[in-house]
Structure formats: structure tokens, C-alpha cells
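Visitor: If you want the building blocks of each chain, they are given just below.
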Amino acid sequence: MGATALIAAAIVFGLGALGAGIGNGLIVGRTVEGISRQPELRGTLQTTMFIGVALVEALPVITLVLAFIFYGEA
Amino acid sequence: MDDLSAHLKAVTRITFLFMSLCCVAWALMPENESWWGGLMIGGAASLINAYHLSWKVTKVGAVAAAQIKKRVNLGFVTRACITLLAVVIATKTYTFQLSATVAGLFVAQLATLILGFLSRRKLMASNPTDERGENN
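Chain order of the listed sequences is Z and G. Counting in my numbering, the first sequence tops out at residue 76, every number present. Counting in my numbering, the second sequence tops out at residue 172, every number present.
Isolated chain Z, as found in the complex (with noise of 0.2 Å):
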């Protein structure tokens, strides 16, 4: 039980950063490219990019919570 609940916290946490990070690099990306081009537009993109971000880092909280859980396990 021991090795298998730290590899599965492991793959958890591990694969939601992944995913977050992809996700949240495109979106910050994106709305620096977007204030770049038009500053005047800088208070709608930042309130899509908090949605965004938001929306994206559900998913590495889960598997944070999850990996500790498996980590306790362990």
C-alpha cells in the first residue's frame, strides 16, 4: 500500500501541474499578447485572464488535496 499510494500521489499531482501549467501558460500568453497590442482593452483581458486562471487552477487544488490524502495513506 505504502509505494503504491506515494507513486499514485505522485502521478495525481503530477499530471495536474502538468495540465495547469500548459493551460495557464496559454492563457497568460495570450493576454499579454492581447494588452500588448490594444492597452486600452487591459481591464476586459485581465478579467477574462482572472476567469481563466481561476477556472485552470481547480484542477491542480484537487489533486493537491488528493495527492495528500494518498500521501497519508502511504
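Treat the hints with caution; some may be incorrect.
Derived DEER-like restraints, expressed as beta-carbon distance ranges [claimed, not checked]:
{"id": "1", "chain 1": "Z", "residue 1": "13", "chain 2": "G", "residue 2": "68", "range": "28 to 36 Å"}
{"id": "2", "chain 1": "G", "residue 1": "159", "chain 2": "Z", "residue 2": "17", "range": "30 to 38 Å"}
{"id": "3", "chain 1": "Z", "residue 1": "40", "chain 2": "G", "residue 2": "161", "range": "19 to 27 Å"}
{"id": "4", "chain 1": "Z", "residue 1": "39", "chain 2": "G", "residue 2": "128", "range": "45 to 53 Å"}
By construction, these hints were calculated from the structure, which means they are not laboratory data. For glycine and all other residues, C-beta sits at the position ideal for the given N, C-alpha and C.
Go by the hints and put chain G onto chain Z.
Guide: Okay, now just chain G, sitting in the frame of chain Z:
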């Protein structure tokens, strides 16, 4: 007031409403106090996370608008630590349900999503076509 501040104020209102409803439910159904307490702690942590994220997003926007070369990050580790702190407080300090705390951690995110859809709908209703005259 810019869009993000207005959005954050609405998220704050919804989260506080949710927490007050949890208080009422706790008073009416004290036998399920571990659920209501967990939801309240998770909701408070999610609101702190939303404020931290908004501060970071504003910082990234300011750096992008000023076009200066400076490394900024979104501070995910800080928010992850706040989440863990909420879970530890809920489960070790008190005896609240872990699943309720985790569910409470998504109140602000859910409010953000719903408010985003609503504001998009309002924008489409007021501006049915874009600057090229095409339908949105």
C-alpha cells in the same frame, strides 16, 4: 472602477452569501456541523485565493501594459499553501469533513464562472455585432 474590481466585488458578495447560508444551515441542522464548518472554511480560503489571484493578474497586466522586461508569476504555490492550510485547519484543528472543505474551496471559482457567463451574455445583448458588423 475597472472590470476586475467589479467582478471581484460580485464574487465576494456571493461567497459571503454562501457562508452566511452555511451559518444558517449550521444553526438549523447542528447534527451536520462537520459539513457546514468545512464548507465555510473552504469558502473563506477560496475567497482569499481569489483576492490573491486578482492581485497577481493586475500585476501581470501592469507589466504587460508598461512593456517592461520583468519576471512576474501567478503565485500558484501561495494559493496551494492557503488551500493546504485550510484543509489542515478543517481536519486537524477542528473535526470538519475533508470533502466538505474541498467542495468549499470551489465556491469562488464557481461564482467566477457564473458571473463570467452572465457578463458575457449582457455584453452580447448590448452589442449584438462586433466592430466588423458580424454577429457575436
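Visitor: For each hint, tell me whether it holds in the structure or not.
Guide: Hints, one by one, checked against the model:
no. : hint                       : in the structure
1   : Z:13 <-> G:68: 28 to 36 Å  : holds (34 Å)
2   : G:159 <-> Z:17: 30 to 38 Å : holds (35 Å)
3   : Z:40 <-> G:161: 19 to 27 Å : holds (23 Å)
4   : Z:39 <-> G:128: 45 to 53 Å : holds (49 Å)
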